[in-house]
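Enquirer: Now for the letters of each chain:
2 protein chains.
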Amino acid sequence: MTVYNFSAGPSALPKSVLQEVQDEFLSYQKTGVSIVEMSHRSERFIAITEALEARLRRLMDISDDYAVLWLQGGATLQFSMIPMNLRTTGRFAYLDSGTWSKKAIADARHYGDVAVVGSSASSNYRELPDYEGDGETADYLHLTLNNTIEGTRYTMLPDTGIPLVADVSSNILAESIDVSRYGLLYAGAQKNIGPAGLSVVIIRRDLIVDRDLPSYLNYARHTDTVLNTPATFSMYVAERVLAWVERTGGVAEMERRNREKSARLYAYLDGSTLFRSLVTGDIRSLTNIPFTTGRDETDRAFQQFAEERGLIELGGHRSVGGLRASLYNAMPLEGVVRLVEVMQAFEQEGYDVSHQNI
Amino acid sequence: MTVYNFSAGPSALPKSVLQEVQDEFLSYQKTGVSIVEMSHRSERFIAITEALEARLRRLMDISDDYAVLWLQGGATLQFSMIPMNLRTTGRFAYLDSGTWSKKAIADARHYGDVAVVGSSASSNYRELPDYEGDGETADYLHLTLNNTIEGTRYTMLPDTGIPLVADVSSNILAESIDVSRYGLLYAGAQKNIGPAGLSVVIIRRDLIVDRDLPSYLNYARHTDTVLNTPATFSMYVAERVLAWVERTGGVAEMERRNREKSARLYAYLDGSTLFRSLVTGDIRSLTNIPFTTGRDETDRAFQQFAEERGLIELGGHRSVGGLRASLYNAMPLEGVVRLVEVMQAFEQEGYDVSHQNI
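One line per chain: the protein sequences are A and B, in this order.
Numbering of the first sequence is given in the numbering used here, commencing with residue 415 and proceeding in unit increments.
Numbering of the second sequence is given in the numbering used here, commencing with residue 415 and proceeding in unit increments.
Hint data in this document are derived by calculation from the structure and do not stem from the laboratory.
Careful, some of the hints might be misleading.
Unchecked claim - DSS-like, lysine-lysine: derived pairs with alpha carbons at most 25 Å apart:
hint, chain 1, residue 1, chain 2, residue 2
1, A, 444, B, 444
2, A, 429, B, 444
3, A, 429, A, 444
4, B, 429, B, 444
Claimed, not checked - Covered stretches of chain A, as calculated for chain B (at least 3 residues, CB under 8 Å):
hint, segment
5, 417-423
6, 645-657
7, 702-712
Unchecked claim - Restraint-style ranges between C-beta atoms, simulated for each label pair:
hint, chain 1, residue 1, chain 2, residue 2, range
8, A, 674, B, 724, 43 to 53 Å
9, A, 429, B, 660, 44 to 54 Å
10, B, 590, A, 538, 48 to 58 Å
11, B, 502, A, 523, 41 to 51 Å
Everything numeric in this text was worked out from a predicted model, so none of it was measured.
Built from N, CA and C at the ideal position, the CB exists for glycine as well.
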């Protein structure tokens, strides 16, 4: 049985990449040494690091005005490092579009005054906040460009004179992002880039200031140098994933595929009498699609029904429940076609079964 | 040609573990999903996390009075997190025994007053500092239990009434450590535990205070819970490495082997007319053995000579130069026997060659 993994992260990676990694796992490039045994300062590993950065720069059209940093601690550590490193006035503007925004806001409050310049909490985050325009004196305006849990994405950016900072953990490389519009972009790797334990920060060089910060927490100490041992295996796999993205047609082709996949699922959800999407309109995420039957027992019954058919990790985030399908770059169209088939089958037979059980 | 990897980290891992990882890389436990694609909150991954912690507790005899945290950012991020989290008086005592101590001291200064209560800088760190006894009012006393770069290890601990905090990155699981004597132990994984990108903190629970710190940087937020996506692949491999340590005889057997391996190399160095060890006496590290011919050109010639014979990563740390052999748990005795053979051969033929080149 083919297994399709709809996990929100860590999540599916391209099969051909996994095969490459397996093939050379005991002896990287015939060196007799596994990639996980290689010094991060060896010539071979430095070549991987350089290729990784070059591929990301090509794929996202990142100019030399920006530095690319490969860090650890996930997006969560960036919730602290961003305000620490970008602090000038000590005033930070945040848009509150859901769970991850709220976490970013809570951490930023440790380093200055946070102005929440727009929140969609009143819609239970089914909409995106409007920017209320009063953040112009802040050091930056932070937004969560794609909301992994709530299934929303910004298609318009707030018009502001201060640097935009965006969490792109769940949509980096999955749709085109105009890097030049941002001061800083950051992402955990474990969705569209590679294995967990790696994060990437793309930062405009004029925002990097060597502040009075301890070593790991200081962006300046990671710029154009390797401060300490990085997440070498995750970087190696990421380089292979980015090679796959490049040979598959780049971010434009990824976006085309993600639009096609998500459109299939949204079309089914919009026509279903059992399931429904939680988000409407053009703010629907291309990568994270929460849905529900409206009843917890039926949602759980469907999750079980789907698992028995090889469709795994369809549960919603533990903070909100319900169901969710994450359709990152490595999810083939066939996985979505199969998901829709299984939802249709459940709508006909499984739904009855679950109702009988109640 | 068998390759022996003497890297100081990331470094050699047990071949049988690498084989296991390769075998199941495409489908973990026949799930149809790679370990790198699995959610950190899935039942299967939680089972790995639990097994990893249970193994470490058994191997190091860690009581329930201690929490075990699996973090990212290496020992370097702990240089900041330790003073941040253990700060009560804001006075910290540090022993300065080399490069990594100095880095830990520099980061701690951002969070309070650091008293360097002993330094062996005057011996160029070929000795260990004596504790000068004036740290009794500090929040903790920090030491680097094994000095990876300088090749020294503490065999006696300072006698003090304040919590001891030790960096055990290069000797954890390689020699027995009495956890009950410490307030906190921390280590990067990439030497004796598993792949890079993972660090472990073993902390006495009474030292964990939920302070006014942002989420990732607060030990309390990592205690008995998984705050955010951890370095899943490194944790998975670490669990397999610890299983290997357990079935091989535990830390006592690792220490016996490391004593045997290092004794072989020290005995050769002490008898050589060309090479010499930089450290003497009972403070010699069991895991990291710096040595030199006393001439940079000859050191480089030997490194080349050894590489041609499959003995790699014998260069000293970039900050000090010279040569270094790291003999962690996964280095078999045969690797050391081979190293000594190659050193003997160089002493006879290669040395002449390198002198002719000068």
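Enquirer: For each hint, tell me whether it holds in the structure or not.
Expert: Here is how each hint holds up against the structure:
no.: 1; hint: A:444 with B:444; verdict: violated, 28 Å
no.: 2; hint: A:429 with B:444; verdict: holds, 15 Å
no.: 3; hint: A:429 with A:444; verdict: holds, 22 Å
no.: 4; hint: B:429 with B:444; verdict: holds, 22 Å
no.: 5; hint: 417-423; verdict: holds (count 5)
no.: 6; hint: 645-657; verdict: holds (count 5)
no.: 7; hint: 702-712; verdict: violated (count 0)
no.: 8; hint: A:674 with B:724: 43 to 53 Å; verdict: holds, 50 Å
no.: 9; hint: A:429 with B:660: 44 to 54 Å; verdict: violated, 33 Å
no.: 10; hint: B:590 with A:538: 48 to 58 Å; verdict: holds, 55 Å
no.: 11; hint: B:502 with A:523: 41 to 51 Å; verdict: violated, 23 Å
When the structure is compared with the earlier hints, violations turn up for hints 1, 7, 9, 11 and for no others.
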